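Student: Produce the complete structure using the sequences and hints provided.
These protein sequence lines are chains A and B, in that order.
Counted from 1, the first sequence has number 142 at position 142 by our numbering; the numbering is strictly sequential.
Counted from 1, the second sequence has number 1203 at position 203 by our numbering; the numbering is strictly sequential.
No lab work stands behind these hints, which were simulated from the structure alone.
Bear in mind that the values here come from a model prediction, so they are computed numbers and not experimental data.
A portion of the hints provided could be inaccurate.
With a cut-off of at most 30 Å between alpha-carbon atoms, the simulated BS3-like pairs for lysine-lysine come out as follows [said to hold, decoys possible]:
no. : chain 1 : residue 1 : chain 2 : residue 2
1   : B       : 1098      : A       : 128
2   : B       : 1107      : A       : 128
3   : B       : 1082      : A       : 128
4   : B       : 1102      : A       : 128
5   : B       : 1074      : A       : 128
6   : B       : 1177      : A       : 128
7   : A       : 128       : B       : 1152
8   : B       : 1032      : A       : 100
9   : A       : 128       : B       : 1190
10  : B       : 1107      : B       : 1121
11  : B       : 1135      : B       : 1177
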Amino acid sequence: MLIYWANDEYYIKIFGHTYFRFFPDWFYNTLKIPHRLSEGMAFHFLFMWFFTLNGIFYIIYTIVSGDWRELVPKKNSFKEAFLVVLHDLHIRKMAPPQNKYNAAQRIAYTAIIIMGLGSVITGLAIYKPVQFYYLTWICGGYHFARILHFALTLGYVFFFVIHIVQVILAGWNNFRSVISGFEIVNENPKPAIETTNTDNDEHSR
Amino acid sequence: MKILNPLLKQQTLITMSTQDKKSKKELSIEQKINRRNFISFSTFAVLAAGAVGGWEWLYKSPEETAGITAGARKPLRRALNKTELFFRRTFSDNHLVKTYPKSMAAKRVRVNSDIGIEADKKFDPATWKLQVIKKGGEMLQISLQELMTLPKTEIIYDFKCVEGWDQISHWGGVKFKDFIEHYKLDDYTKMQYVGMETPDKAYYIGLDMPSAMHPQTLLAYEMNDKLLPLENGAPLRLIIPVKYGIKNLKRVGSITFSNTRPRDYWAEQGYDYYSGL
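Tutor: And the structure:
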């Protein structure tokens, strides 16, 4: 987590010069990052290996274990995700039934993988545009690839913030289940009627 | 109490049956939950501590000993150098940089730095001569007029800066390869590096030989069909499209050849020595 966050910090800085107007001065001063481009690049070119390998292992694992079934959005996921968002914003009382992950989570967790893939591709396109000229071409040229790479980075920051806020809101039991891989639910006295769906919602959120 | 994960249910059943054989006492569900929580949280704590510790170690790792490269943390410099090797081993030296039509070239070419060519420095382009330092202290002195008699090569390409900007610009000059052949310096290309410095030696760069000999590397004296302006590196500058802008030395004073890395201004400030694209 710290590594991710720290890297994000430097990551922004690399592009800070391009998008100087994008980040006001207070942003740099608060994070103490002006004039540290070389340092940021050095970190970046080390951590790119970890991020890429980590992503590859993760994708292989989800495929081998079959967990991808829980993660890839289903046909009705997009509609349901909207209901989940309404529920989370306390506009709607009931959340749609779910399995391990709800529709919004399915979309988010799949999107982040596609974003990661996008970062690797746009990253290579701007890192070695001469060697990977075809990637640069696919990404719409060097300049556009750079903007994409940067936009994706901003996307991670948003993902990170929303993710952490949601975990805090979801409470301890949920966090514990994230770490341990299982969830404990106190069952209702009448087990004859299956009410687990609503139960799940109560506790998994 | 009930455990939601169906997989876990199966697992607990299996472990229960194996445990039956091994131990007499059967664990209650409560105990099993506690045990699993303990294992997973311990693992989590160890991994988290490892990540934090690893980061701390890296962040606080000592700076490299100042030499040809300087200003970066030791492990990070190592990573930069290893990454350079990885890419140089796997990649082709003959990939060409994308070129553009003349109409796309910027009319106002960005001037980003004047290190070594500061306007208040005394410099007379008319008396300037390019010095090529050869073995045994021998030196070639070449005037601009002489260089201009060599075949001219032009390139319009996207100039890329580490700071993040890029600009399509148009340059003309002598291909470095042609230059080497014309002055019979071919033997020197068997060496591994080329070094270039400004006449005042305030800015200097080092290039690996394959990049220097790349067919698009120019000793440029023209920009947008006119002789170079002083702030863009008159009378002669290096245009090396396979590198970031920091390697495109303005106002070349001298050229040297070596088997070790020549000194490099930005590599001494923590940047990657290779800086190749």
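Student: Indicate, hint by hint, whether the structure satisfies it.
Tutor: Now the hints, each set against the structure:
Under the criterion of a C-alpha separation no larger than 30 Å, the hint pairing residue 1098 of chain B with residue 128 of chain A is consistent with the structure, at around 12 Å. Distance restraint check for residue 1107 of chain B and residue 128 of chain A: the Cα-Cα separation of roughly 26 Å lies within the 30 Å cut-off, and the hinted pair is therefore satisfied. A threshold of 30 Å between alpha carbons decides the hint, and for residue 1082 of chain B with residue 128 of chain A the separation of about 16 Å falls inside it, so the pair holds. Distance restraint check for residue 1102 of chain B and residue 128 of chain A: the Cα-Cα separation of roughly 24 Å lies within the 30 Å cut-off, and the hinted pair is therefore satisfied.
Note on residue 1074 of chain B and residue 128 of chain A: the hinted pairing holds, with a Cα-Cα distance of about 24 Å set against a maximum of 30 Å. With a CA separation close to 23 Å, the supplied pair residue 1177 of chain B and residue 128 of chain A stays within the 30 Å bound. Between the alpha carbons of residue 128 of chain A and residue 1152 of chain B the distance comes to roughly 28 Å, so the proposed pair stays at or under 30 Å and holds. Proximity of residue 1032 of chain B to residue 100 of chain A is assessed by CA-CA distance (about 21 Å); at most 30 Å being required, the pair is judged to hold.
Restraint check: the Cα-Cα separation between residue 128 of chain A and residue 1190 of chain B comes to about 25 Å, which is no more than 30 Å; the hinted pair holds. A hinted pair counts as satisfied when its Cα atoms are at most 30 Å apart, and residue 1107 of chain B with residue 1121 of chain B qualifies at roughly 26 Å. A threshold of 30 Å between alpha carbons decides the hint, and for residue 1135 of chain B with residue 1177 of chain B the separation of about 19 Å falls inside it, so the pair holds.
Every hint, counting from the list given before, is met by this structure.
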